[in-house]
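Line by line, the protein sequences give chains A and B.
If you're matching positions, the first sequence starts at 1 in this note's numbering and goes up one per residue.
If you're matching positions, the second sequence starts at 1 in this note's numbering and goes up one per residue.
Since the hints were derived computationally from the structure, they do not count as laboratory data.
Possibly wrong hints are sitting among the right ones.
Unchecked claim - Derived pair list, reagent style DSBU-like, types lysine-lysine, alpha-carbon separation capped at 35 Å: (1) Lys166/A to Lys166/B; (2) Lys191/A to Lys191/B; (3) Lys191/B to Lys166/A; (4) Lys191/A to Lys15/A; (5) Lys191/B to Lys15/B; (6) Lys166/B to Lys191/A.
As the list claims (entries may be wrong) - Derived Cβ-Cβ restraints for the label pairs, each shown as a range: (7) Glu8/B to Asp120/A: 35 to 45 Å; (8) Ala159/B to Pro219/A: 39 to 49 Å; (9) Glu122/B to Ser220/A: 40 to 50 Å; (10) Ser182/A to Ala10/B: 51 to 61 Å; (11) Leu207/B to Asp202/A: 48 to 58 Å; (12) Asp119/A to Thr2/B: 45 to 55 Å; (13) Thr2/B to Ala4/A: 46 to 56 Å; (14) Pro208/B to Ser193/A: 17 to 27 Å.
Claimed, not checked - Far from chain B by the CB rule (all over 12 Å, computed), these chain A residues: (15) Ala4; (16) Met6; (17) Glu8; (18) Glu115; (19) Asp120; (20) Glu122; (21) Ala159; (22) Pro219.
C-beta atoms are modelled at their ideal positions from N, C-alpha and C, and glycine is treated no differently.
Number of protein chains: 2
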Amino acid sequence: MTEAAMAETARTELKRIPERGHFDRPTVYSIIDEAMICHVGIVDADGRPVVIPTFHARDGDDLLLHGSAASRLLRTARNSEVCVTITLIDSLVLARSAFHHSANYRSVVIFGVPEQITDDDEAGAALDVLVEALVPGRGTEVRPNTRNEIRATTVLRLAINEASAKIRNGPPVDDEEDMDASVWAGLLPIKTSFGPPVTADDMRLDLPPSDSAVNYRRPS
Amino acid sequence: MTEAAMAETARTELKRIPERGHFDRPTVYSIIDEAMICHVGIVDADGRPVVIPTFHARDGDDLLLHGSAASRLLRTARNSEVCVTITLIDSLVLARSAFHHSANYRSVVIFGVPEQITDDDEAGAALDVLVEALVPGRGTEVRPNTRNEIRATTVLRLAINEASAKIRNGPPVDDEEDMDASVWAGLLPIKTSFGPPVTADDMRLDLPPSDSAVNYRRPS
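Put together the whole structure using the sequences plus the hints.
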């Protein structure tokens with residue numbers, strides 16, 4: 001990891017509530033790593049926005065994205081400006097007034113121009129990083145990708161340079177005139193859980209669920 | 001709800017795996033309603049994509065979005081092309097090969113040009129719909145919004161016309177040559193749970209958590 005914080009730009013600066021902005025890499029990277037999916041924004045040939053959900057992985061100071069080599073959207077994203085947004089919602093914030101309802105969340109935006117990884121070995125290694133990010137430990141349970149599988153996949157690499165995190169983490173904040181109202185206020189935590197594993201019906205061998213599934217957890 | 005299915009357009013057509021596409025309103029609306037947040041893609045003044053996470057609500061055949069009246073992004077989205085993408089991940093799909101790993105998911109994309117709701121009464125009603133979508137039942141527990149609160153909020157309405165859902169729901173699909181491999185395959189379900197409620201430290205009255213928090217659930 002590059003130790004220097006990322007520079008604020010006009011795009012990543014938080015104009016309205018600047019105290020929610022974070023530009024240090026450990027904060028940004030922990031959100032990227034915990035999240036399973038991101039939303040990638042591109043501009044189509046007619047100048048209109050398109051947003052697609054996809055898996056991602058972080059490889060050092062780069063974000064990796066992948067998809068079928070036949071994917072139109074990945075072809076558009078390659079060598080074009082994208083905005084990758086990653087969002088984790090930690091709790092709902094129930095205030096004493098409807099107006100102050102909110103959420104505690106952690107989000108990241110990354111702006112930049114992804115490059116396609118064209119070298120087979122490098123693309124193969126990137127796909128291994130992507131599987132490891134999705135299901136930690138799974139890479140040791142399955143065979144390596146074949147060259148044809150690697151070539152059937154488009155892998156993009158986006159340098160994490162113009163990026164920032166935005167975090168709200170705290171109790172409801174109400175107006176003084178509502179503080180004596182007879183209304184409960186607080187947080188409603190949101191948790192994501194995984195499992196138990198469901199074995200495929202077409203298994204030919206009688207195998208227990210693999211460690212990667214039984215012990216699944218997101219980095220945090 | 002309008003009963004007619006939505007027309008496929010060049011933007012909502014699924015070129016690669018068309019059987020995952022759904023254009024009927026009940027399917028699209030159930031995904032919109034179950035999800036708490038969406039990702040809104042816009043094109044900035046320099047022609048570059050920006051994607052922001054935000055709460056949404058469905059009001060009949062319209063999608064409602066809101067934010068501070070000071071929000072740059074809402075000002076940009078108003079009267080401009082947006083793409084709103086909503087994603088639910090139901091399970092991870094662990095195949096016998098890394099290549100066939102996937103997820104079961106339900107996603108929706110909506111393309112269109114949102115309009116700002118400028119009438120105070122209509123904006124107030126829309127904010128009520130937004131609070132109800134976020135925390136069902138909460139609207140009856142808190143006081144109504146004041147006119148100043150309504151005016152401090154920008155509410156956008158986007159007709160759900162050019163929209164589609166994309167759904168994968170099934171077991172791992174592996175290549176025949178991997179079917180005898182000694183690798184467990186199956187699904188890892190992902191669940192989102194809510195609570196228990198955490199009462200705010202600055203409560204002045206000794207009130208139990210409100211029904212909307214205790215009984216919280218998403219529509220499904």
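inquiry  = So, against the hints stated earlier in the document, which numbers end up violated here?
reply    = Violated hints: none; all satisfied.
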